[in-house]
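Student: Please work from the sequences and hints to get the whole structure.
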Amino acid sequence: MGTAEGVDLRVELAGIPLKNPFLVCSGTFGNGREMSELVDLEALGGLMTKAVTLRPCAGNPPPRLWETRWGVLNSIGLENKGLERFLSEDLPWLSRFDLPVWVNVAGFSSREYVEVASAVSRSGMVAAVELNISCPNVERGGAHFSRHPGEAAGLVARVREVVDIPLFVKLPPLAVGMGEMARAVAEAGADGLSLVNTIPAMAVDVERACPRLGNVTGGLSGPALHPVAVHAVWEASGAVDLPVIGMGGVWSCSDAIELLMAGAGAVAVGTLNLVDPRAVPRLVEELRGFMSAKGYRTVTEMVGLLRRKGWR
Amino acid sequence: MNLPPHLFKATLLERRDYGCASELVFRVPPGFQPQPGQFLHLLCDGEGRVLRRPFSVFGHDGRSASVLVREVGGGSAWLRRRIPGDELDVLGPLGRGFDLDVEGEEALLVAGGAGVAPLAYLGRRLGERGAKATLLWGMESGEEYGALPERLGEEIDLRLATADGSRGKRGTVLDLLPPGRPEAGFRYYACGPRPMLLALASRLVPGRLSSLQVSVEERMACGLGACRGCAVPVADPPGGYRAACREGPVFGGEELDWERLRVSI
Numbered sequence: 074m075g076t077a078e079g080v081d082l083r084v085e086l087a088g089i090p091l092k093n094p095f096l097v098c099s100g101t102f103g104n105g106r107e108m109s110e111l112v113d114l115e116a117l118g119g120l121m122t123k124a125v126t127l128r129p130c131a132g133n134p135p136p137r138l139w140e141t142r143w144g145v146l147n148s149i150g151l152e153n154k155g156l157e158r159f160l161s162e163d164l165p166w167l168s169r170f171d172l173p174v175w176v177n178v179a180g181f182s183s184r185e186y187v188e189v190a191s192a193v194s195r196s197g198m199v200a201a202v203e204l205n206i207s208c209p210n211v212e213r214g215g216a217h218f219s220r221h222p223g224e225a226a227g228l229v230a231r232v233r234e235v236v237d238i239p240l241f242v243k244l245p246p247l248a249v250g251m252g253e254m255a256r257a258v259a260e261a262g263a264d265g266l267s268l269v270n271t272i273p274a275m276a277v278d279v280e281r282a283c284p285r286l287g288n289v290t291g292g293l294s295g296p297a298l299h300p301v302a303v304h305a306v307w308e309a310s311g312a313v314d315l316p317v318i319g320m321g322g323v324w325s326c327s328d329a330i331e332l333l334m335a336g337a338g339a340v341a342v343g344t345l346n347l348v349d350p351r352a353v354p355r356l357v358e359e360l361r362g363f364m365s366a367k368g369y370r371t372v373t374e375m376v377g378l379l380r381r382k383g384w385r
Numbered sequence: 002m003n004l005p006p007h008l009f010k011a012t013l014l015e016r017r018d019y020g021c022a023s024e025l026v027f028r029v030p031p032g033f034q035p036q037p038g039q040f041l042h043l044l045c046d047g048e049g050r051v052l053r054r055p056f057s058v059f060g061h062d063g064r065s066a067s068v069l070v071r072e073v074g075g076g077s078a079w080l081r082r083r084i085p086g087d088e089l090d091v092l093g094p095l096g097r098g099f100d101l102d103v104e105g106e107e108a109l110l111v112a113g114g115a116g117v118a119p120l121a122y123l124g125r126r127l128g129e130r131g132a133k134a135t136l137l138w139g140m141e142s143g144e145e146y147g148a149l150p151e152r153l154g155e156e157i158d159l160r161l162a163t164a165d166g167s168r169g170k171r172g173t174v175l176d177l178l179p180p181g182r183p184e185a186g187f188r189y190y191a192c193g194p195r196p197m198l199l200a201l202a203s204r205l206v207p208g209r210l211s212s213l214q215v216s217v218e219e220r221m222a223c224g225l226g227a228c229r230g231c232a233v234p235v236a237d238p239p240g241g242y243r244a245a246c247r248e249g250p251v252f253g254g255e256e257l258d259w260e261r262l263r264v265s266i
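For the protein sequence lines, the chains are A and B, in the order given. Position in the first sequence (first residue = 1) + 73 = this note's numbering. Position in the second sequence (first residue = 1) + 1 = this note's numbering.
Watch out, some of these pointers could steer you wrong.
Calculated Cβ distances over 12 Å to all of chain B for the following chain A residues [what the hints assert, rightly or not]:
1) 367
2) 370
3) 378
4) 384
Covered stretches of chain A, as calculated for chain B (at least 3 residues, CB under 8 Å) [as the list claims (entries may be wrong)]:
5) 98 to 105
6) 108 to 115
7) 134 to 142
8) 145 to 152
9) 195 to 206
The set of hints was computed from the structure by calculation and includes no laboratory data. Cβ coordinates follow ideal geometry from the N, Cα and C atoms, glycine included.
Tutor: Given below as C-alpha cells:
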C-alpha cells in the first residue's frame with residue numbers, strides 16, 4: 074500500500090518500519106483483540122498496548138469516565154491482567170499480525186518497571202517498549218518520575234540496561250520544561266518519545282457536591298488536548314534529535330498533520346478509537362488524499378516542516 | 002456466542018414520542034441479530050459531545066430495530082430531535098444479553114423508568130418461546146411515558162406502579178412483587194435505577210440471587226471492552242471489576258458485589 078498513486082505513506086521510527094504513520098494509543102485499543110471484530114489490525118501503522126504491570130491490577134473505583142466539552146476525563150487506573158497473562162495470552166495472539174507492537178509498561182516502583190520491561194523485551198514478539206511514566210491516575214504510578222527530569226533519567230537508564238529493543242518514553246504535557254525533560258531522557262538512553270499522555274484534570278457534580286470520578290481526579294483526553302500535544306511535540310522535537318510519536322486528541326487528518334509538521338515522526342490516535350474503531354484506516358486514506366493534493370510524495374517531507382521553513 | 006457487532010449508518014424510519022421518552026425506529030443491515038439485553042452505541046453530534054451513548058435494544062423485527070431514548074442530557078436531547086430520514090451512526094449489537102432459559106419457571110421482569118426498554122424486548126422474546134412472563138414497571142406518574150404503557154400492555158402482561166398513585170399501584174415497582182420473601186418458581190430480570198436494583202437484590206434470600214439477572218447502566222466509552230471505563234464491581238475476584246459493555250451489561254445476581262455497588266451510589 075506504500076506507494077500507490079505516487080504517495081509513500083511509509084515511515085521509520087527508531088529503525089522500526091511502519092506501513093503508515095498512524096498508530097493507536099495505549100489504553101484506547103485494548104490489546105487489539107477487543108477491536109479486531111471491527112477493524113483490520115494490519116491496516117494500522119502500529120499498536121500501543123494497554124499498560125502492563127507486574128501483577129494484575131484491578132483499577133480504580135467507578136465512575137471512571139466523564140465527558141467534558143470536546144474532552145473525556147478518565148481514571149481507569151491501569152486495570153490489566155498482569156505481566157504473566159499478558160505474555161501468555163495477549164502477546165502471542167497479537168504477534169500473528171503484520172503489525173509493530175509497542176508494549177506500554179507501567180509500574181508502582183522502579184524495580185517493577187525494570188522487571189516488566191525486561192520480560193517484554195526478551196519475549197521476541199515486540200517492536201518497542203513504551204515506558205509509561207506519566208499515568209495521572211495511580212499513586213506512585215510513575216507520574217512522579219515525569220515531574221523531575223533527574224528521576225525520569227534515572228528510571229530510563231535502569232530500564233535501558235535490560236531492554237534490547239527501541240525504548241520510547243511516554244511523557245505528560247508539561248507547561249514548562251518539556252525541552253529539559255526530553256534532553257534528560259534522551260541522554261539516559263531513550264530511543265524515542267511518546268507525546269503526550271493525558272493532562273491531569275477534574276470535574277465536579279455541583280448538584281450532589283461530589284467529584285465526577287470515583288478516583289476524584291483523572292486525565293483529560295480528546296480534542297481539547299490536541300493543541301497542548303502540538304506544543305509539546307514542538308518543544309521536544311526542538312530540544313532533542315529523537316523520533317517523536319505525537320498523540321493527543323487527533324480527531325481528523327489535519328490534526329495528525331499538525332503534529333507531523335510540528336516535529337512528530339508518526340502520530341497515534343487515542344480517544345477517537347473509542348468512538349470510531351475504524352478511525353485509523355479512514356485517516357490513512359484522508360492522508361493519502363491530502364498528500365496527493367498538496368504534492369507531498371513522502372510523509373517524511375512533512376515531518377518537522379515548520380522548523381525547516383525557518384519557524385522557531 | 003454473540004455475533005460480531007456492526008458499525009453502520011442507519012436511516013431513521015420513525016420516531017414515536019412517549020412523554021419523557023422517544024422510541025427511535027431505524028433500518029438495520031442483514032444479519033443484525035440483537036439478543037435481549039444487548040445494547041446499541043449511538044453517536045450524538047454537536048456541542049462538543051465526544052462519546053457514543055449506549056441504549057438497550059427495545060425492539061427488533063429483522064429489518065428494523067429500535068431504542069427508547071429518555072432525555073437525561075444534551076446527547077439524548079439531540080437524539081430526540083432526529084426526524085424520519087435522518088441518519089444515525091450505530092455500533093452494535095454489543096455486550097452480553099439475558100439468559101432466556103427460564104427452565105419452566107415464571108419470569109418477573111422488574112423495570113424502573115426507562116429501564117423498561119430491554120425488559121419489554123425480553124418479554125416479547127420470552128412470550129415467543131412460550132414462557133410465562135410478567136412485566137412490572139414503576140414510574141413517577143401515569144403520564145410520564147405517555148401512551149407507552151397501553152402499547153406494551155397489548156403485547157405482554159403488564160402491571161404498573163406510580164410514585165404518585167395516578168396509575169396502577171401507588172408505590173415503587175417493588176410493591177408489585179409477590180409479598181414476603183419470593184419463593185422458588187420465579188426468575189427475576191431487572192433494569193432500572195441503582196437503588197431499585199439494590200432493593201430488589203436485598204429482597205431475595207442469598208441463595209436465590211442466582212435467579213436474578215440485572216442489566217446495569219454505566220457511563221461507557223468504547224463499548225467493546227477495550228478501555229475498561231465502565232467498571233462494575235464483581236464478587237469474583239474480590240475487589241475486581243468487569244466491563245459493563247463487554248462482560249455485561251447483563252450480570253447474574255450472584256456475580257455482582259452488591260456491597261460495593263451500594264457504596265458507589
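Student: Which of the numbered hints are not met once you compare them with the structure shown?
Tutor: 9
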